[in-house]
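Visitor: Single-letter residue listing:
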Amino acid sequence: MTNVSYGTIFKNGIFGENPVFRLALSLCPAVAVTSGVKNGFLMGVAVLFVMTMVNATVSLIRNFIHPKVRIPSYMFIIATWVTVTDLVMAAYSRAVYKDMGLYIMLIVAFAIVLSRAEVFASKNTFWPSVADGFAMGLGFLLALVLIGVFRELLGKGSLWGHAILDSKPLLIMILPTGGFFAMGLLMGMLNWIDRKFFGGTGASSGGH
Amino acid sequence: MQTTGSVKAYTTFSGGIHPAENKELTSRKPTVTAATPARAIIPVSQHIGAPSKPLVTIGQEVKKGEKIGESAGFVSVPVHASISGKVSAIGAFPHPFGTNIQSIVIESDGKDEWVPGLVERPDYGKLSAEELKTIVQEAGIVGLGGATFPTHVKLSPPKEKPVDVVILNGAECEPYLTSDHRLMLERPIDIVEGMKILMKVLGVKKGYIGIESNKPDAIEVMKKAAAGSPEIVVWPMKVKYPQGAEKMLIKATVNRTVPAGGLPMDVGVVVQNVGTAAAIYGAVRHGRPLVERYVTVTGRGVREPKNFLARIGTPFSQLIEEAGGLTEGAAKVISGGPMMGVSQFTLDVPVIKGTSGILVLPKTEVSVRSYGPCIRCARCVDACPMKLQPSMIGLFIEKGHYEDAKDYNLMDCFECGSCTFVCPSNRPMVQWVKKAKKELAKKKN
Amino acid sequence: MWEKVFTIFIASALINNFVFARYLGLCIFFGVTKRMETAVGMSVTFTMVMVISAVLSWFIYMYVMVPYSLGFLKIVIFIGIVAAFVQAADTMMKKIAPTLYYKLGIYLALIVTNCIILAVPLINADEHYGLFESIALALGSGAGFSLALIIMASIRERLDLADVPKSFQGLPIAFVLTGLIALAFLGFSGMITL
Amino acid sequence: MKEMLRITISLVVIFIAAAGIMGMVYKTTSPVKFKAEKKEKEEALKGMAPEATEPITKAGDWSNHGKNYEYFRATASGKSIAYIATTAGKGYSSYIKMLISVDTDMRVKGIKILGHGETPGLGDQIEEAPFLDQFKGKTFTQLVLIKGETKENIQAISGATISCRAVTNGVRDGVQLLAEKYGSGVTTSVSEVQK
Amino acid sequence: MEASPKKEQPAQPNLIVSVGPHVRTEESVQAIMWSVSGALLPATLMAVYYFGMRALSIILVSIVTAIISEAVTQKILKKPVTASDGSAFLTGLLVALNVPSSVSLYIPAVGSFVAIVITKQLFGGLGYNIFNPALIGRAFVLISFPKQMTTYFEPVASIMSADAKTTATPLGILKEDGLARLLEVFHTKSALYGDLFWGNRAGSLGETSVAALLLGAAFLMIKRYITWHIPVTFIATVGALTWIFGGKAGLFTGEALIHLMSGGLIMGAFFMATDYVTGPSIRSAQIVFGVGAGALTALIRLKGGYPEGVMFAILLMNCFAPLLDRRMRSRVFGKAEAKEIRK
Ligand SMILES: Cc1cc2nc3c(=O)[nH]c(=O)nc-3n(C[C@H](O)[C@H](O)[C@H](O)COP(=O)(O)O)c2cc1C
Ligand SMILES: Cc1cc2nc3c(=O)[nH]c(=O)nc-3n(C[C@H](O)[C@H](O)[C@H](O)COP(=O)(O)O)c2cc1C
Ligand SMILES: Cc1cc2nc3c(=O)[nH]c(=O)nc-3n(C[C@H](O)[C@H](O)[C@H](O)COP(=O)(O)O)c2cc1C
Ligand SMILES: Cc1cc2nc3c(=O)[nH]c(=O)nc-3n(C[C@H](O)[C@H](O)[C@H](O)CO)c2cc1C
Ligand code: SF4
Ligand code: SF4
Ligand code: SF4
Ligand code: SF4
Ligand code: FES
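Chains as they are written, first to last, in the working numbering: chain A, 487 to 694; chain B, 796 to 1240; chain C, 121 to 314; chain D, 1182 to 1376; chain E, 149 to 491.
Just so you know, these hints were derived from the structure itself, not from any lab.
Possibly wrong hints are sitting among the right ones.
Simulated pairs of lysine-lysine, DSS-like, Cα-Cα distance not exceeding 25 Å [stated by the list, open to error]:
| no. | chain 1 | residue 1 | chain 2 | residue 2 |
| --- | --- | --- | --- | --- |
| 1 | C | K124 | E | K451 |
| 2 | D | K1271 | A | K584 |
| 3 | E | K483 | B | K1230 |
| 4 | D | K1328 | A | K584 |
| 5 | B | K954 | B | K824 |
| 6 | D | K1271 | C | K124 |
| 7 | B | K954 | B | K1000 |
| 8 | E | K295 | B | K1239 |
| 9 | C | K124 | D | K1219 |
| 10 | D | K1328 | E | K223 |
| 11 | C | K124 | E | K396 |
| 12 | D | K1219 | D | K1248 |
| 13 | D | K1271 | D | K1216 |
| 14 | B | K1233 | B | K1194 |
| 15 | D | K1271 | E | K295 |
| 16 | B | K954 | E | K483 |
| 17 | D | K1214 | D | K1271 |
| 18 | D | K1260 | D | K1214 |
| 19 | C | K124 | D | K1278 |
| 20 | D | K1278 | E | K451 |
| 21 | E | K487 | C | K286 |
| 22 | D | K1271 | E | K226 |
| 23 | E | K226 | B | K1232 |
| 24 | E | K451 | B | K1239 |
| 25 | D | K1248 | D | K1328 |
| 26 | E | K226 | D | K1248 |
| 27 | D | K1214 | A | K524 |
Partial selection, computed: residues in chain D whose CB lies under 8 Å from chain E [what the hints assert, rightly or not]:
| no. | residue |
| --- | --- |
| 28 | V1193 |
| 29 | V1194 |
| 30 | H1246 |
| 31 | Y1273 |
| 32 | P1301 |
These numbers come from a predicted model, not from an experiment.
Glycine included, each C-beta is placed from N, C-alpha and C at the ideal position.
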């Protein structure tokens, strides 16, 4: 896995291996925090930050980590960066933290973070690893924003808290129920587009 | 347990269905003897088990009752010429099972002579069980209820499965058919005597004759015929399809439950059709092999429905002619009853040992609706006498999940068709079950 | 106190069911409910690990982290506890009950990165629950998760036979289905106020 | 053995580095967080009684629904101008926590919802101004939830009656407490109001 | 056994060949669905009688949307269009009968659309849906438009009257203000029972008239389209539990009869819990289903935040139906005996 072009890395992270829609990994936040675009976006940013930092760290010290304790070491690194994110958010953006503090902490359990560390960063040099973490995080972020737009617009008639429509067309969309519907319908639609226009086979159904 | 005489609470099993009986078309018509066919087609395989081996060559003269095919093992029986004449062909001919099967064709010489040497045995009561069994096998007797299982096999239960009851099946639960009904009215003594022979062979002290309560006259007549034999009980049963299936019959008469996947003898029972009993009597007392049987030709697709005593090998076309011929709208010809019978491509197929009836349905009565999705109405679950879930079995098979169907006890289905009959979505469960059993068998090999 | 313990149990099993009301544990939820067998195996393993690791976490939180104000390390410590316990359980089960290990071992590995297993100690810490309350939350969450898994598996087995439009087969329809179950579970809402 | 050592070293180094990072971040953020929290609280209190000139001081603890809450006194130039309390009401799926203030006549001055877990879209409408503004100037006896049109009392939001009742009850409990502590001759007997 | 005709023997008069059985029941899915719709006719008429033209337009919009949604979805999915088989009609009708007369017309339309497209067709169409489409449709609009969905008009018993007074349903009053208030509103106990029986009360369109619903239910029972297992156990459980736990004065003081005759219990028990597709098909499982739905209804009505429990109870039991069917598979004839022998 040397010589991967940055273009490919980004295309992969955002489309081909989009963590949410294609790899179906780390689905919980996709439903949990996307009742509004803003929360989805911030969650995405948090994940993007963690993934970039984790990939960077792992690739930097990949030769130092003993292969036998590879996974525990990665988890430790992830937990560290998540804690950092958690502490920073708790201090500087209190309002958002109230809503999604628990989910920020749970980033530590996201398989997508661990799997990129294991699959990519442990085998690549610094910059490609950073790019990969960033691209995957970006794919994640975009997916959350997409779901957030869908739900907030339908559920509250607003975007990023600003009223767009003068009514709340389908309140249900901001409830958990609606989150699941939104995910299912969006995935189905993306599958359909993929099959129709790109000859794909649809999403896999993953681990975490 | 009810007494045999009580009118209302007849015994039965749970599940089952009530299709229109349509027996009134023929039930009051005394049996007529069908004309001797000009040409008899006698398949070598009319029974379950190994086909018999032809003993004759083309051109050979044969007499009525002459053995023309010999049994090819224990689970096999011989076949006999049903008319006198000359063998004109040996080859594959259409068979009521829907395929072409090796058959011996005899052109009649018009004389209809019995083969010499038939032994009358007025004192047959003295024969031993083994001798009787040999006579039954040599006479080519198989179950006339439709399954055509060689009777002598059923008469040789293994020692570890002692049999203590013989049950004669006079249920005739299939709609339309009346051949067993007429047989019971017309030859009750033969049946009772046949029963006694069966009991003797099996060393059994108790016999039941189970008859559905829609045949009160037959119950009367059979009771009278068995009056002198206290060990034989005539047992009226509730009218319900498939009361005649042996497991259901055993449940209704002696209230025993044949284990799933098991045989009647697992609960000490041997079941025979009433016609089989009569045939046994004919073979033992008069030395006559099985060359003719009662056949009901019925349905609104023939002009004059009738009961016939017909020779084995008589083409369907001849019997239908004798029943006034097909009506304008005749659309489907079925060998057997409407529930379990097999529809025919051609009228050239012959009557065989298991042909209890020929049913001709007019176009107006043939359902051509296509099937739809299962709406899970559970009518089939209620109807299934085996207490299976035909809806699930059907769904699994429809999607090719044969193993799952097996998990849902596919193998216990005996294809009675009750589920398919009641399905409002017209789902062809029996067809699927047959397919799945075949697929599973293929996989095993 | 017992009333509160009971309330916590019922609330976490039904009303605030982790899957249908708090949207956690989804990866495993979708991953193991394709077949009933795996759903049951996961239910059993999950509930056991859940309760034990919650108890361990509680003790460490109360007697180590609170006294030394190490609360800010809870993420690292709790995931460490879960991982260590799962590793230990894995090793012990392999030795002591190999048949059980053969049946349930594969689920152990999956559990480490499950968010519920981490969420429960975190909630216990945030809410300052006592030992029995923590156990109630763990047990309730386990029961609720098991219920969700088993319902979902039984429905997905049936869905296997259905003519679902191509683009929706697999995960999309599973999501819609979960949404419908969550809609039904809204019936429990408002029954208990925590 | 040597491998064990290498493993240990590798883990320990990572651990120490990580602990260092986390400790550092904690050290820089925790005062910020602490200050932010304090400021938040002060601002919230201040928002309840903007005229106060001195810092608002805690006056005591009280309990409602088995949980502890506080109350405060706001002064301007040493004179009491308002009383503030934290309180809560039992809502649809959560306790709705709030901050209320009354003037010296024991009329409601303001309400701030601090937190709740009501259904988004239904119960969370209690946070909206039209509902909360109704409370301004109401006396204890007027704090009754009515399902129909009303100016005199508090009008429920249809579809969120339970949440609205929780807020109304919580406010009333708080007003009652403050009236008992500081009121003079204002009716506070619960029995007069149908609960 | 689909052997083709053997060519050497020209088939005689075009005989039809198929696998048996060769006779089939007269019953069909269409007949069942239209009969159930017919059984709802009395309740529909009562709805129009009490709630006027509004009711009629809601019913029409709902049914038309359901049928169109079904046809269009099937067209898009390239499946045979079976919109006239009566099941979409029935679903549409039930959605309409489950909303109050106060709602704007887009609400039944959204309800029917969600019922048919998301709940039914997305899951494979008739026979494959897991949840009762009409009830999901209703739950969806209840959560999405809670305000309108919990605003009930008083019955007016006049076809033309357009502006009716809003009021609370009997269950709403019972929950919010207690039995005394309920009796005050209806004057006397006998007047209360009379009004509940005939349907002169606020509520969703079709649920108010117990008399009309029982008439339809009797028809379905006589035709054997439904059996007693689910409705009777459902209603009995609600009755028993509300009697035991429903009273303010202690155990066994609840007004069970009010609970039985108000809300959607009668309609739910006879017309919705009985939906074949979404309930269990094993009889013993149906009894569990009925008892479970009854217990959940009582639980939600007495303990939950929402006065009406039938809809959620049935939807919750829908979740369990596949599990119940799976766990309670019928005992195959002779299976127990076969096991015995093996031992
Ligand atoms: C492979 C096979 C073996 C059988 N073996 C015996 C047997 O040993 N003894 C017996 O009494 N019947 C035996 N039967 C006959 C069955 O008991 C039964 O009479 C026959 O299958 C037809 O029953 P039905 O017409 O109810 O389907 C056997 C049947 C089959 C197909
Ligand atoms: C669905 C079904 C219905 C049956 N009904 C009858 C019946 O009414 N009369 C009968 O003699 N055999 C009936 N049989 C066949 C019996 O099960 C059994 O094979 C037969 O009575 C055995 O007697 P046999 O060997 O003399 O034919 C039926 C079989 C099935 C599968
Ligand atoms: C899923 C669901 C969530 C609900 N959430 C709330 C809520 O947050 N707050 C509330 O007061 N009522 C809630 N309700 C209760 C109903 O809206 C209740 O009927 C209503 O409060 C009383 O009706 P009304 O306000 O129109 O009189 C909820 C009901 C359901 C079914
Ligand atoms: C007795 C009976 C009850 C039914 N109840 C409902 C119902 O409550 N809701 C509904 O959408 N369809 C109902 N249907 C129609 C149909 O079964 C339903 O649309 C299927 O769930 C669609 O697959 C019912 C059908 C029958 C026969
Ligand atoms: S052939 Fe038909 S009528 Fe005769 S026994 Fe069998 S099923 Fe009954
Ligand atoms: S054909 Fe099989 S499944 Fe159907 S009713 Fe008969 S025994 Fe049951
Ligand atoms: S198909 Fe039915 S009737 Fe034929 S042999 Fe098998 S069980 Fe007997
Ligand atoms: S009778 Fe037909 S539609 Fe009804 S459950 Fe059985 S297979 Fe399904
Ligand atoms: S993100 Fe929740 S289980 Fe994987």
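Visitor: For K1214 (chain D) and K524 (chain A), compute the direct alpha-carbon distance and say whether it is at most 25 Å.
Guide: Given pair K1214 (chain D), K524 (chain A) holds - Cα atoms ~22 Å apart, limit 25 Å.
Visitor: So if I understand the rule, the pair passes when the alpha-carbon distance is 25 Å or less; does K124 (chain C) with K1278 (chain D) pass?
Guide: Roughly 19 Å between the alpha carbons, so the hint for K124 (chain C) and K1278 (chain D) holds.
Visitor: Going by Cβ atoms only, is P1301 (chain D) closer than 8 Å to chain E?
Guide: It is violated, given that the least Cβ distance between P1301 (chain D) and chain E is near 10 Å, above 8 Å.
Visitor: Is the straight-line distance between the alpha-carbon of K1214 (chain D) and that of K1271 (chain D) 25 Å or less?
Guide: This hinted pair is violated, its Cα atoms lying about 30 Å apart.
Visitor: Given the proposed pairing of K1271 (chain D) with K584 (chain A), does the C-alpha separation stay at or below 25 Å?
Guide: holds (21 Å)
Visitor: Would the hint on Y1273 (chain D) stand, with a C-beta cut-off of 8 Å toward chain E?
Guide: holds (5 Å)
Visitor: Given the hinted pair K1233 (chain B) and K1194 (chain B), is their alpha-carbon gap at most 25 Å?
Guide: holds (16 Å)
Visitor: Taken at face value, is the distance from the CA of K1239 (chain B) to the CA of K451 (chain E) at most 25 Å?
Guide: Between K451 (chain E) and K1239 (chain B) the Cα gap is close to 57 Å, so the pair fails against 25 Å, i.e. violated.
Visitor: Hint check: K1271 (chain D) vs K1216 (chain D), CA-CA at most 25 Å. Holds or violated?
Guide: violated (31 Å)
Visitor: Between K124 (chain C) and K451 (chain E), is the straight-line Cα distance small enough, at 25 Å or below?
Guide: Cα-Cα ~16 Å, so holds.
Visitor: Decide if the proposed pair is consistent with the structure: K483 (chain E) and K1230 (chain B), CA atoms, cutoff 25 Å inclusive.
Guide: Given pair K483 (chain E), K1230 (chain B) holds - Cα atoms ~23 Å apart, limit 25 Å.
Visitor: Are the Cα positions of K124 (chain C) and K1219 (chain D) separated by 25 Å at most?
Guide: violated (31 Å)
Violated hints for the displayed structure, listed by number in ascending order: 4, 5, 8, 9, 10, 13, 17, 18, 21, 22, 23, 24, 25, 26, 28, 29, 30 and 32.
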